[in-house]
Structure formats: structure tokens, C-alpha cells
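Per my numbering, the sequence shown starts with residue 1, numbered consecutively.
Careful, some of the hints might be misleading.
When the alpha-carbon atoms are kept at most 30 Å apart in a straight line, the in silico DSBU-like pairs for lysine-lysine are as follows [to be verified]: (1) K3 to K94; (2) K59 to K94; (3) K36 to K94; (4) K3 to K35; (5) K18 to K35; (6) K59 to K36; (7) K59 to K3; (8) K18 to K94; (9) K94 to K35; (10) K18 to K36; (11) K59 to K35.
Cβ pair distances, simulated, as ranges [said to hold, decoys possible]: (12) K18 to P100: 17 to 27 Å; (13) K35 to K3: 33 to 43 Å; (14) R31 to S85: 30 to 40 Å.
Keep in mind that the hints were calculated from the coordinates and are not lab data.
Just so you know, even glycine gets a beta-carbon here, dropped at the ideal spot from N, CA and C.
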Amino acid sequence: MEKLHLLLAEAGLELVPKELWGHPAVRASARRRGKKPGEILLDVALHRSAMVNLEERWKRGRPDIAHFCMLLALGSILNRAGLLSLHVHTYEGKVIDTAPNVRLPRNYNLFLGLAEQLLVE
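With these hints in hand, go ahead and build the complete structure from the sequences.
Quick look at the structure:
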């Protein structure tokens with residue numbers, strides 16, 4: 001049987017853009033996480049005030065949606081049968097391929113740490 005390729009296009013997974021590093025909301029969020037502003041994910045729930053003048057802000061900063069969609073896809077019967085291939089395309093143009101047996105953290109904060117680590121490296 002052939003595999004189904006699922007692509008999450010322009011997923012809201014991206015590191016905070018350089019032009020927002022100095023914003024108080026971004027600096028506070030980075031300080032809380034013990035990271036530099038360029039090493040954390042852009043999240044509209046935390047950085048809404050910083051994103052006001054950001055280009056195409058309506059489709060950026062939504063790692064929660066990407067997390068939920070990835071959990072649904074990787075937990076599906078199709079994936080467990082080895083018939084699904086999940087690809088995540090970020091706003092910045094990076095493509096993340098996942099193995100069918102990958103175990104994505106169900107906890108959102110753990111997912112953020114994993115995604116940040118992946119995008120920084």
C-alpha cells in the first residue's frame with residue numbers, strides 16, 4: 001500500500017525574528033525560559049504586543065496549532081500502521097520530516113523546548 005504524505009504548510013513554528021528581540025514582552029519571555037530572545041519560539045499568546053507591526057502576523061506565532069495537528073497525525077491509525085508520512089513546512093521555509101515511530105511530547109511546554117532546540121540547530 002502507498003503512504004499518504006501529510007504536509008503542514010507554513011506552520012506557525014518559527015523563532016522570534018531579530019526585529020522583535022528588543023521588545024519587552026519578548027525579553028521577559030526569554031528571561032523566564034533562561035534563553036536568548038533569538039532562541040525562543042514566536043508565540044502569539046505571549047508576544048501579541050510585539051507582533052503588532054509584523055508582516056503576515058495572522059499566520060505566524062501559532063506553535064500550539066502545529067503541536068495539536070502533529071499530535072493528531074502521529075496518533076492516527078494510519079500512522080500506527082506505517083502508512084502516513086508527516087512533513088512540517090515552517091514559515092521560514094524549513095521542512096521538518098518526522099519518522100512514523102517518533103514520540104512527540106504531549107505536554108505543550110516540552111514540545112516548545114523540543115521545537116526550539118530543533119530550529120536553533
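Structure-based check of all given hints:
Simply put, K3 and K94 have alpha-carbon atoms about 22 Å apart, close enough for the 30 Å limit, and the pair holds. For the proposed pair K59 and K94, the alpha carbon gap of about 16 Å is at most 30 Å, so the pair holds. Restraint check: the Cα-Cα separation between K36 and K94 comes to about 21 Å, which is no more than 30 Å; the hinted pair holds. Among the hinted pairs, K3 with K35 is inconsistent with the structure: their alpha-carbon atoms are about 39 Å apart, more than 30 Å.
A hinted pair counts as satisfied when its Cα atoms are at most 30 Å apart, and K18 with K35 qualifies at roughly 14 Å. Annotation: proposed proximity of K59 to K36 holds, straight-line Cα distance about 23 Å (limit 30 Å). Under the criterion of a C-alpha separation no larger than 30 Å, the hint pairing K59 with K3 is consistent with the structure, at around 29 Å. Simply put, K18 and K94 have alpha-carbon atoms about 17 Å apart, close enough for the 30 Å limit, and the pair holds.
With a CA separation close to 22 Å, the supplied pair K94 and K35 stays within the 30 Å bound. The suggested pairing of K18 with K36 holds, with an alpha-carbon distance near 11 Å, which does not exceed 30 Å. Simply put, K59 and K35 have alpha-carbon atoms about 24 Å apart, close enough for the 30 Å limit, and the pair holds. For the hinted restraint 17 to 27 Å between K18 and P100, the CB-CB distance of approximately 36 Å leaves it violated.
Between K35 and K3, the C-beta spacing of about 36 Å keeps the proposed range 33 to 43 Å intact. Separation of R31 from S85 is about 39 Å and conforms to the stated range, judged on CB atoms against 30 to 40 Å.
Hint check: violations occur at hints 4 and 12; the rest are consistent with the structure.
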